[in-house]
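Protein chains: 2
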Amino acid sequence: MKPEVLLSRISVVLCRPSHPGNIGAAARAMKTMGLSDLRLVTPKQFPDPEADTRATGAVDLLANAKITTTLADALAGSVFAVAVSARQRDLGPAVGTPRETMARLLAAATQGTVALVFGNETVGLSNEEVLQCQAAVTIPTNPDFSSLNLGAAVQVLSYECRMAAFAGAAPLREQLTTPFTAPPATHDEIEGLYGHLEAVMTETGFFNPAQPGRLLPKLRRLFGRAELERDEVNILRGILASTQQRTGHGRKG
Amino acid sequence: MKPEVLLSRISVVLCRPSHPGNIGAAARAMKTMGLSDLRLVTPKQFPDPEADTRATGAVDLLANAKITTTLADALAGSVFAVAVSARQRDLGPAVGTPRETMARLLAAATQGTVALVFGNETVGLSNEEVLQCQAAVTIPTNPDFSSLNLGAAVQVLSYECRMAAFAGAAPLREQLTTPFTAPPATHDEIEGLYGHLEAVMTETGFFNPAQPGRLLPKLRRLFGRAELERDEVNILRGILASTQQRTGHGRKG
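Protein chains in written order, with the working numbering: chain A, 1 to 253; chain B, 1 to 253.
Just chain A, with the same shape it has in the complex:
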């Protein structure tokens, strides 16, 4: 697959950005590296002239930006999502370096649409948002001054995407992805599995929604690491449905 096509499959998702100027800077950063799919989850102020100014020649990305109210909507259809996080979260996917993680992202892009998910300038991503992603990345910074601007973070990771897309021979990337013979599950399919699992655990009494504890995040962490295929989601949901038929819950057989 051509590097340009792989890059076109990467969406950059900005969750709750506060400053329209940063949205513009992100668009410009993306376009310089050949990325084009910008998605905004409840931006505070958009569209905005300041965004257009900072985007300079990348206003087309702003005009085509998809705006959603939840991260789940922004990720619908994506086969792999990477959370950009300044720190390791409890139960979150293990954080990798930009280089190795963008290589994984590009490998996944051979299978479908993938996403790079950035949090708000001040508070970053919530734990719930991080847990919707299959991997996490931290940009190494000076521990005494780690205040990377949002546009700058988009620039560094878009640059690593371009380096990964053009690095090495295409055959090598295809070798990396051969273990996955079947199509990967999409974000919404995986969320469907989690919903089904939660329903069954609630029915059996294993899970108490009034006292959720850390059970659901732990299961997300486990299955997030596995990078589920569509076929596997279907198998797991088949097992869940079969237990429901026995207990009288769920769809009728």
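Calculated from the structure, these hints are not laboratory results.
Quick caveat: nothing in here was measured; it's all calculated off a predicted structure.
Computed footprint of chain A on chain B, listed as stretches where at least three residues anywhere in the stretch have a Cβ under 8 Å from a Cβ of chain A: (1) 21 to 35; (2) 52 to 65; (3) 134 to 143; (4) 200 to 207; (5) 212 to 222.
Selected chain B positions facing chain A (Cβ under 10 Å, derived; list incomplete): (6) 156; (7) 160; (8) 225; (9) 241; (10) 242; (11) 244; (12) 246.
Label pairs and their computed distance ranges (CB to CB): (13) B:199 to A:72: 31 to 37 Å; (14) A:234 to B:49: 55 to 61 Å; (15) A:192 to B:56: 41 to 47 Å; (16) B:202 to A:77: 32 to 38 Å; (17) A:87 to B:230: 22 to 28 Å; (18) A:87 to B:87: 36 to 42 Å; (19) B:212 to A:198: 26 to 32 Å; (20) A:2 to B:70: 40 to 46 Å; (21) B:44 to A:2: 40 to 46 Å; (22) A:47 to B:188: 57 to 63 Å.
Glycine included, C-beta positions come from ideal geometry on N, C-alpha and C.
Following the hints, put chain B in place on chain A, whose structure we already have.
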């Protein structure tokens, strides 16, 4: 030599910058990656409040910036200088990639002070300025939109400097991640899970031992990829046991 010391030996030289905001963005970008030595060759407007605003917590780099009237003065004492250029110049040093060139820069930094030289936002470096450098670097960009902001260019190259400086140090992964705090499941614990899963699937009728097909290998492949922890095996077996109690199979509650 410690990575922090090597990074402190790199000066970023901005030649004739037009916009004070870009000087501030460059300072912030440098400081996030552990660089601190900013030099300005005949800046159009400096100091300036816009530079301070964009620098945020990196105003100390602005306060300490050395201002000169020629590039030669800014490079005095440097043992190696890299010109940042969007194109190969006639007679200029061959342009390299950021990764390989920043590795050369860091190697040279073990010998003394080194410099990264950026041109004016619109016209770049003059041929005479490029020829004062021993190497040149081009940041790969989208050929249809190569308009990298000056601050963004400083960010990408400062990031590569940091990556090169720490490349020989403790693996970044170890610095970044607290991998898996929980102990991994042992072989027999995982086999116990597979046995339990098979029993439940057989009880519900989802799995027919007389016609096993590829169901069990597929589940092994899935959970094998996940590299299960002991705690996770216990959770999964707890879910399985809870469905059995409902159906009247399994151990008595």
